[in-house]
Amino acid sequence: MTAIASTPAWRRGSRRLLLPLVVMGIVAAYYFVLWAAIALADPQRASAAGSVALQQTVNALSIGSIYALIALGYTMVYGIIELINFAHGDIFMVGAFISLFFLVSVMGQSGPVYDVPVLILLILGTLAFTMPLIALLNMSIERIFYRPLRHASRLAPLITAIGVSFILQNVALVIAGSGDRGTPQIFPLGWRVDLLNASVPVLSFVILLIALTLMGVLQLFVGRTRLGRAMRSTAQDQQASRLMGVDVNQTIALTFLLGGALAGAAGVAWGLNFGYVRQDLGFNAGLKAFTSAVLGGIGNITGAVIGGFFIGFVENFSSSLGLARWAELLVFAVLTLVLVFRPTGILGQQLGDRA
Amino acid sequence: MTAWIRSIVPPERLASIQAFSGRHRSTTVIVVMFIVSVVLFFWSDYPPFSLFQPHNAWIGGFVNAGVLILLAMGLNVVIGMAGLLDLGYAAFFAIGAYFYAFGASPFTGLHLPFLLLLFLGAICAALFGIVLGAPTLRLRGDYLAIVTLGFGEIVPILFLNLDRYTQGTNGITGVDRPNILGVQFPGIDQTLYFVLMAVVVTITMILLYRVQSSRLGRAWMAIREDELAAAANGINTVTTKLLAFAIGATTAGFAGVLNASKLTIVDPSQFLFTVSFTVATVIVLGGMGNIWGVAVAAFLIYMIQSVVLKQLTGFFDVVPIPILTDINFVQFQFLLFGIALVLMMLFRPEGLFPERRRARELHEGTDADGGDGANVDEDVLVEART
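Those protein sequences? They're chains A and B, same order as listed.
Here the first sequence stands for residues 1 to 355, numbered as in this note's numbering.
Here the second sequence stands for residues 1 to 386, numbered as in this note's numbering.
A few of these clues could be false.
Reference excerpt, derived from the structure (chain A facing chain B, CB under 7 Å, subset only) [to be verified]:
no.	residue
1	Ile159
2	Phe166
3	Leu329
Some chain B residues judged to face chain A by a derived CB distance under 8 Å, without partners named [stated by the list, open to error]:
no.	residue
4	Ala145
5	Ile154
6	Ile157
7	Phe277
8	Gln331
9	Phe332
10	Val342
The following label-pair restraints were derived from C-beta to C-beta distances [claimed, not checked]:
no.	chain 1	residue 1	chain 2	residue 2	range
11	B	Gly187	A	Ala333	39 to 45 Å
12	B	Arg138	A	Gly245	36 to 42 Å
13	B	Arg138	A	Ala333	17 to 23 Å
14	B	Asn236	A	Leu136	45 to 51 Å
15	B	Arg138	A	Met24	55 to 61 Å
16	A	Pro132	B	Ile203	39 to 45 Å
17	A	Pro132	B	Asn236	50 to 56 Å
Treat the hints as calculated values from the structure; they're not laboratory data.
Cβ coordinates follow ideal geometry from the N, Cα and C atoms, glycine included.
Okay, chain A solo, but in the shape it has when bound (with noise of 0.2 Å):
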């Protein structure tokens, strides 16, 4: 029924290297557009627009990541009890949050680190610290007001997560005020490598790396182990994992917990790459992260992080083309056009006459 349920993408043999290859080509050919668009878009900056493109690729990449990490808790949530948590994007921004005030109130941080043992550890830390945090946080979101609604009408806990995020939302107003905090950038900025002429800052790679080695953990879990099993059943049908002696409450409660330790490393990877917090924050890479994984078929966790992937290509190619305010609608005229016309996202085919 769900792509959760269905066979891994590195169980199948020969198909194996198939995704990394897709990804790469899609990485590749977004390169060349937009070193095309860019050249054609200010032919006076036309003999940099390779370094610039490629510089923005990277860039595209390290937000994707961030997205795709949310989207996967987007994804696995509406996978296994059919809930669009509206309250996730919020959760991501508690993340931030959380990891700003591990940052400067427990670790004292108030600038880049430049001891690169220190600042693995620093960085290690604060995912071991806002991980498990924003994990329980989500995991307690359903146990309070999802869980009581489970058998309501299919409207009853869609108002409701709508109102925790409201809730967290202006909590987060109330504790830390309207405007940006900024958090500290423990990664020191000016460490570049060059690559192509293009000079790309570490700290892309670094998230880029955070997130893919998450999710490979993420699809080493649904995919191999027992829990994992627990939930790809559940997924496909509740009554029936029930009397195979599956615990579908405790199955549900560790998919928030899963999704909320995504969306906290999401908190934790923002917090470097941008160096502030919102209380706002939420809801718009909410809806991004949303728009990824309805893009890679909702409930499916290899289209929720392509999803995310394009996303970021969405955005970063409009701001790159000095149309960023632009960026937004684009996302949302992508949202929408996907949900009326393939409502099933690129990979999803498996929902079928869900939407």
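Given the coordinates of chain A, assemble chain B onto it according to the supplied hints.
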């Protein structure tokens, strides 16, 4: 609440009132709206009303509350009656407001008559309702919510970014005040706005009640309860849903024109997601599907939003209670709305003033019916043990 009414009004009198209001609903609406308007209008001169703010500020507030009531009654058609969760309702409000601003402001140099623009604005909003509705009809509940949410975001962004036509963030200023058949509305005194708003709300309410009990209204409810069954019974689900969107948008168009003509400025920040969210909260609180319920809830919410929270902040600015003095209570309004939504859904999904049919529907799932896995399982297990 009904118990409270029963305790003061003799049952046979109550029955005759109910019978009358059932038979002559339009008359009842007119009478009730008239009494409420007159009471509100004159009472705002006397305590306890007059202690908080002057008469004119109250009347202005009631006019704003009227805008929210119109919005709530319109969205009630879409969410409450037809069961389509529309989270981008502010878009139609924006379209109505900008339509009026284009038709009657120094910005375009046009100064068309108010009543004409009131209807054209509503028709324009209705057309956009159909434009949005048409492609989204195939979508199921929660996907529809997202697409409408996206639409609700796109419209203000468009008005913001197309600054050559809308003056972007500055908005269109100096919009004409209404001039109805030679009567020019003054700038400061809000009385005429109040009368106009009371009339518009009354007419809208009567029309919506009539639509609700018409063939169309019953078709909406059928679709809300079971779309497949409705279609099987010969209801054209496409036109029925489109009409829900169109009629909902019409009301928002009225609200937009009235709001623009009262504020005399239209800018994109008036139509953010928070507006759609507030209206949706009103409907959930008031009881989805219940016209007078959402109208009352809209009035109460507006009063809480603009009077109670503001007064609390002002009160604790004067009264030296250390922690409370620093708190800006207005900041809490969306937090309160969020909490209210969650609590309502958990404990009273049918709203404060439930519509009977909707209440039954919302509680259906919690009974052990066929589709309910957990309860059925447990029942079976209990039987097996005994």
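Against the structure, the hints:
The interface hint given for A/Ile159 is met, as the beta carbon of that residue sits about 5 Å from the closest beta carbon of chain B, less than 7 Å. Restraint check, A/Phe166 versus chain B: the minimum CB separation of about 3 Å is within 7 Å; hint holds. Checking A/Leu329 against chain B by beta carbon gives a least distance of about 5 Å; that is within 7 Å, so the hint holds. About 6 Å separates the beta-carbon of B/Ala145 from the nearest beta-carbon of chain A, less than 8 Å, and the hint is met.
At a threshold of 8 Å, the smallest CB-CB gap from B/Ile154 to chain A is about 5 Å, leaving the interface hint in force. Taken as an interface hint, B/Ile157 checks out: its beta carbon lies about 5 Å from the nearest beta carbon of chain A, inside 8 Å. At a threshold of 8 Å, the smallest CB-CB gap from B/Phe277 to chain A is about 7 Å, leaving the interface hint in force. The beta carbon of B/Gln331 is positioned within 8 Å of a beta carbon in chain A (closest approach about 6 Å), and the interface hint is therefore held.
Against a cut-off of 8 Å between C-beta atoms, the interface hint on B/Phe332 holds, since the closest Cβ of chain A lies about 7 Å away. The interface hint given for B/Val342 is met, as the beta carbon of that residue sits about 4 Å from the closest beta carbon of chain A, less than 8 Å. The given range of 39 to 45 Å is respected by B/Gly187 and A/Ala333, whose C-beta atoms sit roughly 40 Å from each other. About 38 Å separates the C-beta atoms of B/Arg138 and A/Gly245, a value consistent with the hinted range of 36 to 42 Å.
Roughly 18 Å separates the CB atoms of B/Arg138 and A/Ala333, a value that falls within the hinted 17 to 23 Å. The hinted range of 45 to 51 Å is satisfied by B/Asn236 and A/Leu136, whose Cβ atoms lie roughly 49 Å apart. Here the CB-CB span from B/Arg138 to A/Met24 is close to 35 Å, at odds with the stated 55 to 61 Å. The beta-carbon spacing between A/Pro132 and B/Ile203, approximately 57 Å, falls outside the hinted interval of 39 to 45 Å.
For A/Pro132 and B/Asn236, the Cβ-Cβ distance of about 53 Å falls inside the hinted range of 50 to 56 Å, so the restraint holds.
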